[in-house]
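One-letter residues, chain by chain:
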Amino acid sequence: MHIMVVLRLVADLGGDIEIAHGGKDIDREWVDLKLNEFDDHALEEAIFLKEIVGAKVTAIMIDGDGVERSLQTALARGADEARRIAVDDTDGPISSRAMTPVVAAAAAELGADLVLTGVQSPEDIFGQLAPSLGAVLGWPQASAVSSVKPDDGSTITVQQEYSGGVSAAIRLPLPAVLGVQTASRPIRYVTGSKLRQAMAEEIPRIEATAAVAMPDVEIVELRVPDEAGGAVMLDGDADAIADEILRLLADRALLQVC
Amino acid sequence: MKDVLVYIELIEDGVRPSSREAVSAGREIASATGGSVIALIASGEPVGVPTLDGVDRIIHVTHPALGAYTAEAHAAVLADMIAKLDPAAVMLAYTTAGLDLASAVAVTASLPLVAYCTDVTVADGALTTTSQMYGGRLEAVVRAPLPVVVSIMPGAFPEAVTTGASPEIIVQDAPKSLDALRSVFVDEQRPARGSFDLSLAERIVCIGRGIGAADSIAVARELADALNAEIAGSRPVIDQGWLEKERQVGKSGRLVKPRLYIGLGVSGAPEHLEGMRSSDLIIAVNSDAAAPIFTVAHYAAVCDMFDLVPALIERLKAGTP
Amino acid sequence: MISQPAMRFDQPGRRLQGLLAAIGHRRLIRNRYSGILHAMIFVSFFVLATAIVQSFGSVLFPGFSLAPVGGDTWIALAQDVFAIVMLTGVALAAWQRLVLRPARFKGSNNTDANIIYILIVIIVVTMLLEAAFAIVAGSGASAIWRPVSATLGAAFTAMRMSPEFASQAHDVFYWLHVGAILAFVVYIPGSKHRHMLLAAPNVYFRSLKPIGQIPRPTPEVPPPPLAAATDFAWKDMLDTYACTECGRCQAACPAYASGLPLSPKLLITDLRDHFVTQPADAPIVGPTISEDTLWACTTCRACMEVCPVHIEHLPKIIGMRRTLIENGNIQPMLQTALSNLQRVGNSMGTASKMRARWTKGLPFNVKDARKEPVDVLWFVGDFASYDPRVQEISRTVALLFQRAGVDFGILYDSERNSGNDVHRVGEEGLFETLARENIATLSACTFKRIVTTDPHSLNALAQEYSAFGATYDVVHYSAFLLELVEAGRLPLGPTERRTVTYHDPCYLGRYNGGFDAPRALIARAGCAINEMGRCRENSFCCGAGGGRIWQDDSAMTERPSENRIREALALGDAELFVVACPKDSVMYGAAIDALGVSDRIKVVDLAELVMSAAETHS
Ligand SMILES: Cc1cc2nc3c(=O)[nH]c(=O)nc-3n(C[C@H](O)[C@H](O)[C@H](O)COP(=O)(O)OP(=O)(O)OC[C@H]3O[C@@H](n4cnc5c(N)ncnc54)[C@H](O)[C@@H]3O)c2cc1C
Ligand code: SF4
Ligand code: SF4
Numbered sequence: 026m027h028i029m030v031v032l033r034l035v036a037d038l039g040g041d042i043e044i045a046h047g048g049k050d051i052d053r054e055w056v057d058l059k060l061n062e063f064d065d066h067a068l069e070e071a072i073f074l075k076e077i078v079g080a081k082v083t084a085i086m087i088d089g090d091g092v093e094r095s096l097q098t099a100l101a102r103g104a105d106e107a108r109r110i111a112v113d114d115t116d117g118p119i120s121s122r123a124m125t126p127v128v129a130a131a132a133a134e135l136g137a138d139l140v141l142t143g144v145q146s147p148e149d150i151f152g153q154l155a156p157s158l159g160a161v162l163g164w165p166q167a168s169a170v171s172s173v174k175p176d177d178g179s180t181i182t183v184q185q186e187y188s189g190g191v192s193a194a195i196r197l198p199l200p201a202v203l204g205v206q207t208a209s210r211p212i213r214y215v216t217g218s219k220l221r222q223a224m225a226e227e228i229p230r231i232e233a234t235a236a237v238a239m240p241d242v243e244i245v246e247l248r249v250p251d252e253a254g255g256a257v258m259l260d261g262d263a264d265a266i267a268d269e270i271l272r273l274l275a276d277r278a279l280l281q282v283c
Numbered sequence: 006m007k008d009v010l011v012y013i014e015l016i017e018d019g020v021r022p023s024s025r026e027a028v029s030a031g032r033e034i035a036s037a038t039g040g041s042v043i044a045l046i047a048s049g050e051p052v053g054v055p056t057l058d059g060v061d062r063i064i065h066v067t068h069p070a071l072g073a074y075t076a077e078a079h080a081a082v083l084a085d086m087i088a089k090l091d092p093a094a095v096m097l098a099y100t101t102a103g104l105d106l107a108s109a110v111a112v113t114a115s116l117p118l119v120a121y122c123t124d125v126t127v128a129d130g131a132l133t134t135t136s137q138m139y140g141g142r143l144e145a146v147v148r149a150p151l152p153v154v155v156s157i158m159p160g161a162f163p164e165a166v167t168t169g170a171s172p173e174i175i176v177q178d179a180p181k182s183l184d185a186l187r188s189v190f191v192d193e194q195r196p197a198r199g200s201f202d203l204s205l206a207e208r209i210v211c212i213g214r215g216i217g218a219a220d221s222i223a224v225a226r227e228l229a230d231a232l233n234a235e236i237a238g239s240r241p242v243i244d245q246g247w248l249e250k251e252r253q254v255g256k257s258g259r260l261v262k263p264r265l266y267i268g269l270g271v272s273g274a275p276e277h278l279e280g281m282r283s284s285d286l287i288i289a290v291n292s293d294a295a296a297p298i299f300t301v302a303h304y305a306a307v308c309d310m311f312d313l314v315p316a317l318i319e320r321l322k323a324g325t326p
Numbered sequence: 036m037i038s039q040p041a042m043r044f045d046q047p048g049r050r051l052q053g054l055l056a057a058i059g060h061r062r063l064i065r066n067r068y069s070g071i072l073h074a075m076i077f078v079s080f081f082v083l084a085t086a087i088v089q090s091f092g093s094v095l096f097p098g099f100s101l102a103p104v105g106g107d108t109w110i111a112l113a114q115d116v117f118a119i120v121m122l123t124g125v126a127l128a129a130w131q132r133l134v135l136r137p138a139r140f141k142g143s144n145n146t147d148a149n150i151i152y153i154l155i156v157i158i159v160v161t162m163l164l165e166a167a168f169a170i171v172a173g174s175g176a177s178a179i180w181r182p183v184s185a186t187l188g189a190a191f192t193a194m195r196m197s198p199e200f201a202s203q204a205h206d207v208f209y210w211l212h213v214g215a216i217l218a219f220v221v222y223i224p225g226s227k228h229r230h231m232l233l234a235a236p237n238v239y240f241r242s243l244k245p246i247g248q249i250p251r252p253t254p255e256v257p258p259p260p261l262a263a264a265t266d267f268a269w270k271d272m273l274d275t276y277a278c279t280e281c282g283r284c285q286a287a288c289p290a291y292a293s294g295l296p297l298s299p300k301l302l303i304t305d306l307r308d309h310f311v312t313q314p315a316d317a318p319i320v321g322p323t324i325s326e327d328t329l330w331a332c333t334t335c336r337a338c339m340e341v342c343p344v345h346i347e348h349l350p351k352i353i354g355m356r357r358t359l360i361e362n363g364n365i366q367p368m369l370q371t372a373l374s375n376l377q378r379v380g381n382s383m384g385t386a387s388k389m390r391a392r393w394t395k396g397l398p399f400n401v402k403d404a405r406k407e408p409v410d411v412l413w414f415v416g417d418f419a420s421y422d423p424r425v426q427e428i429s430r431t432v433a434l435l436f437q438r439a440g441v442d443f444g445i446l447y448d449s450e451r452n453s454g455n456d457v458h459r460v461g462e463e464g465l466f467e468t469l470a471r472e473n474i475a476t477l478s479a480c481t482f483k484r485i486v487t488t489d490p491h492s493l494n495a496l497a498q499e500y501s502a503f504g505a506t507y508d509v510v511h512y513s514a515f516l517l518e519l520v521e522a523g524r525l526p527l528g529p530t531e532r533r534t535v536t537y538h539d540p541c542y543l544g545r546y547n548g549g550f551d552a553p554r555a556l557i558a559r560a561g562c563a564i565n566e567m568g569r570c571r572e573n574s575f576c577c578g579a580g581g582g583r584i585w586q587d588d589s590a591m592t593e594r595p596s597e598n599r600i601r602e603a604l605a606l607g608d609a610e611l612f613v614v615a616c617p618k619d620s621v622m623y624g625a626a627i628d629a630l631g632v633s634d635r636i637k638v639v640d641l642a643e644l645v646m647s648a649a650e651t652h653s
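Chains as they are written, first to last, in our numbering: chain A, 26 to 283; chain B, 6 to 326; chain C, 36 to 653.
Keep in mind the hints are simulated off the structure, nothing from the lab. Just so you know, these numbers come straight off a predicted model, no measurement behind them. A couple of the hints might just be wrong.
Below 27 Å or equal to it, Euclidean Cα-Cα: the simulated DSS-like pairs (lysine-lysine) are [said to hold, decoys possible]:
| id | chain 1 | residue 1 | chain 2 | residue 2 |
| --- | --- | --- | --- | --- |
| 1 | C | K388 | C | K406 |
| 2 | C | K402 | C | K483 |
| 3 | C | K388 | C | K483 |
| 4 | A | K81 | A | K59 |
| 5 | C | K388 | A | K49 |
| 6 | A | K59 | C | K395 |
| 7 | B | K262 | B | K250 |
| 8 | C | K388 | B | K262 |
| 9 | C | K388 | A | K219 |
| 10 | A | K59 | B | K262 |
| 11 | A | K49 | C | K483 |
| 12 | A | K59 | C | K483 |
| 13 | A | K59 | A | K219 |
Not the full set, but computed from the structure, chain C residues with beta-carbon under 8 Å of chain A [to be verified]:
| id | residue |
| --- | --- |
| 14 | I365 |
| 15 | M389 |
| 16 | E462 |
Among the chain A residues that face chain C by a calculated CB cut under 7 Å, a handful are [unchecked claim]:
| id | residue |
| --- | --- |
| 17 | V56 |
| 18 | D57 |
| 19 | R213 |
| 20 | Y214 |
| 21 | T216 |
| 22 | S218 |
| 23 | R221 |
Think of the CB as a built atom: it goes at the ideal place given N, C-alpha and C, for glycine as much as any other residue.
With the hints as extra help, turn the sequences into a complete structure.
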């Protein structure tokens, strides 16, 4: 089995967020990039599979700031190979939807028969990567996956999570694409010494063989919702506040029984 | 290209509430485009269609492969229907199925997609949405041309109400591809009764040292019950032995992400905030206007919890306001 | 047994000096009762050794006698007198062990101690009786030089004992005496009293390295994980055999006091038993020393500070932790902290770009030491940068510096956690990464000295970075503020006189000797210090050090921080609990919350105290 894991960096939002001039992006001055939490789980699951059935794991990322280090970390964690994919259009972060053709082409080229990525990213408002990839590649896919078990080599059985703790086992033939929510085991710690070794490795950079493609859709404004900037104060006496809270809950369908 | 197609998700006892919310979001678009709201129900057996308010037509597709959910089968039906109907918008709720299907059909049909929507309006043939990013820490205003696939945040829209007329039900054949599916549903697991994991709770009432004494836990519990929420506490409350350790929220307790967190008499020390700051809705009640929990709360009330809690319980018991 | 080398043959002068101090009971006497009784037994032992020489010499070399050098005169007198001192000492010891029963003996081999007491009593009593019978028989020393034996002899004479009988009795007691000595000699090596032989070499071969360093073989080679006996150095083994099981370390240990499964004494004796009974390559971490035991340590160093025979617990604990890290045995909370440190250079996991955000609340811009030269480079530390409770204190420090006209700057988002605690968690690779990043940043800056608010950073910068060839002139802000005050640059006004108590942070006090500056500042700020019993070298750790702040504390029966607040409350009149470490503000603030005593005592940072005095200066 050859597993390709797709990793993405996202902004690491701290306490207060500020919007950049122009109003379409966050002010990145106080912001670091970090690995998308779910992609982290996808990587762990891939390494877990490698350990139990002996797969080859290749981690890929669209090249950019901080990518080399993230891929070195992936190697330290147990990935066999890593690639950064160079794309022309590097004007700001590339959405999951836009990177879909690039990633799909990479999967075909690397000869992957299982693609794992995080179920979602905090920025993917134009679509999630795993189902999009499945559609482009014509491979079966499942999102919100919490465990992957290889069956006989040609199929896998995945656990798909629904709300309220309900889950279902689904069997998929390979090749397939999975959007991982949590890995089968907690993410393991990579020691600093392993990381230091991996930091010495150079990550090959390859040219994308497909172009990024984005439908005609755009963010016209980005804002920090009122509530996030600081709490909305509920005023009045206890009765008035109680009425107000009940209204809030009712608005958000939080009063009905689950 | 005027109609709005809504994907309806079935659960044990009927329609998932968030699908009813998708219907009402769809209605807002349909009234701008002058089209109808068409619901797509895909089920395994040709049994009765559940009641569904607010739609003009229901298209019912049945096929044995649609009984238990798999992304492949349901995406095939939805994509097939998009191709047949050429709708102005395709609506889904952001659930696991919504996640699976929305992006897949958008790519298949070469449509743009906007996800995590909390608001939708249509003007001049284009859709404008408000979409959550970073779990609601940011809001993007997005513009997309029609036709478009829209996935909405559960809880952001009201459930659709009846339009009076009962919808016409059209039974349609399933696409041929359903006979040659690759994905197979194996079985389903439900959480064992009695197992408790605070980090899975959808609603949490968390008490802090402001509760004062063990005796007062009872009223907080009463509130939690009335809200169908789990009760939890800050470290001092657990230290005192007023609640079990597994109910501690925070760095050295549980990291929680409920849809609702109500903090009562919790000051909001960093170790506590670390455990709950990404909750969807945070309501904090504290008698001190300078309590740090207000920096992460979405709604805050400066008042005595012992005045507020009984008022809340009274209203909850009396039924919805 | 194969073991690792340890460089312990240098600096004989200094080594001897320490040995003499130990012989002088410098550490033992800190505990009055047992210190005195041990001194009594210790000195008596040497005096009575002359009796042993005499007894054995006379059989082995016929005609041998100490008489020519005073064996029948002043030596005899000394033997008689010290026999009584010895018996008194042993009585005190037995009283302590059997009646007073201090908790530190819990887990020690008490039977072993009792057997030794009995043997000593037999040896001394037979010696006295032997001499008494000699006096009755008319042989041996004159009665004037043996007052005790003579008194006994007088009693025998009064009982009408014949000289012949006395002579035979003398022979019997002589052999009993010799037999008891032989029994003692045979018994000692297998008992904890082997410390009589090993204590001196153990003290002599103690580590002379600066105490805040975890020695690194070379800049490129990190210290190895300790997994099996073969990984330990001979000195580590000697340590375990030299342990007296006195339990002083256990009594000082905050982890032990909090109910965690760590007693530094049992750690040492368990290691000793392992070395003696297990194959050299048998794994230690897990089967012999549990994971929980190793993670419980706060690295406060209280154990090493009190150990009378200078046993080195910490290098062993940290070395074994390296094994845990290497094997990936890390609890979730600690893993989160370490992953955060890898990712963003701070344990909270907050973006590194947010590190200097606290400066936004200041009425002036803090210089960026990466961009312009500064006199003083302020290494702020994680808690002081990120924790909202401490950020306020950091701003106070900045305002004080500004008031005193200090030309200072910070490293902004290039500062990384100093790695002090990461090092003590046993994460060598991460420590090296953090240290090298800081060193690289610092080497590109121009400054005269470094000031830090964080004792942990102080230790790393002052003591640990030298392993990578970087040495700095570093001061803690307590010393720096005192300097400013003394130089008249930071005038303090009159304040109302308040009674406070002060907590010595481990990494400022025990590790870096910063005991006096904070106290002097507190006095300058117009406060009177009512010291807690455990102060200065004997300070009691807040429980946060060595990575403990990143771990779950639910297994504790009492948090060390709460134990400490109770100690402060028991003083009765301390209104303020003064701290000089950002982690202490957090730990003790939470402890006061947990105990619900915020109406009785308040935590204040030294800087806040100084600021309130500075503000009253017109
Ligand atoms: C290493 C470490 C780990 C920690 N881990 C955790 C953790 O996992 N979880 C955690 O919670 N804490 C943790 N803490 C403790 C934390 O620092 C705080 O001490 C704790 O969260 C405070 O709890 P609290 O808010 O309930 O109490 P307090 O801080 O005492 O706050 C009580 C609040 O109640 C308000 N109040 C009082 N009366 C009323 C009233 N009648 N009506 C309304 N409001 C009222 C007060 O204004 C006050 O704000 C940790 C601390 C450390 C050092
Ligand atoms: S360093 Fe402190 S916590 Fe660790 S064993 Fe010694 S006394 Fe105990
Ligand atoms: S290690 Fe030192 S202090 Fe501890 S019991 Fe042994 S001799 Fe005493």
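For each hint, the structure was consulted:
1. K388/C <-> K406/C: Roughly 16 Å separates the two Cα atoms, so the pair holds.
2. K402/C <-> K483/C: The given pair, whose Cα atoms are some 15 Å apart, holds under the 27 Å limit.
3. K388/C <-> K483/C: Judged against 27 Å, a Cα distance of about 26 Å means the pair holds.
4. K81/A <-> K59/A: holds (25 Å)
5. K388/C <-> K49/A: holds (21 Å)
6. K59/A <-> K395/C: holds (24 Å)
7. K262/B <-> K250/B: It holds: about 18 Å lies between the C-alpha atoms, which stays within 27 Å.
8. K388/C <-> K262/B: holds (25 Å)
9. K388/C <-> K219/A: holds (26 Å)
10. K59/A <-> K262/B: holds (20 Å)
11. K49/A <-> K483/C: violated (44 Å)
12. K59/A <-> K483/C: Since the Cα atoms of K59/A and K483/C sit roughly 35 Å apart, the hinted pair is violated (cutoff 27 Å).
13. K59/A <-> K219/A: holds (19 Å)
14. I365: holds (5 Å)
15. M389: holds (4 Å)
16. E462: holds (5 Å)
17. V56: This interface hint holds because 6 Å falls under the 7 Å limit.
18. D57: holds (4 Å)
19. R213: With a minimum Cβ separation of about 6 Å from chain C (threshold 7 Å), the hint on R213/A holds.
20. Y214: holds (5 Å)
21. T216: holds (5 Å)
22. S218: holds (3 Å)
23. R221: holds (5 Å)
Checked against the numbered hints given earlier, this structure breaks hints 11, 12; the rest are met.
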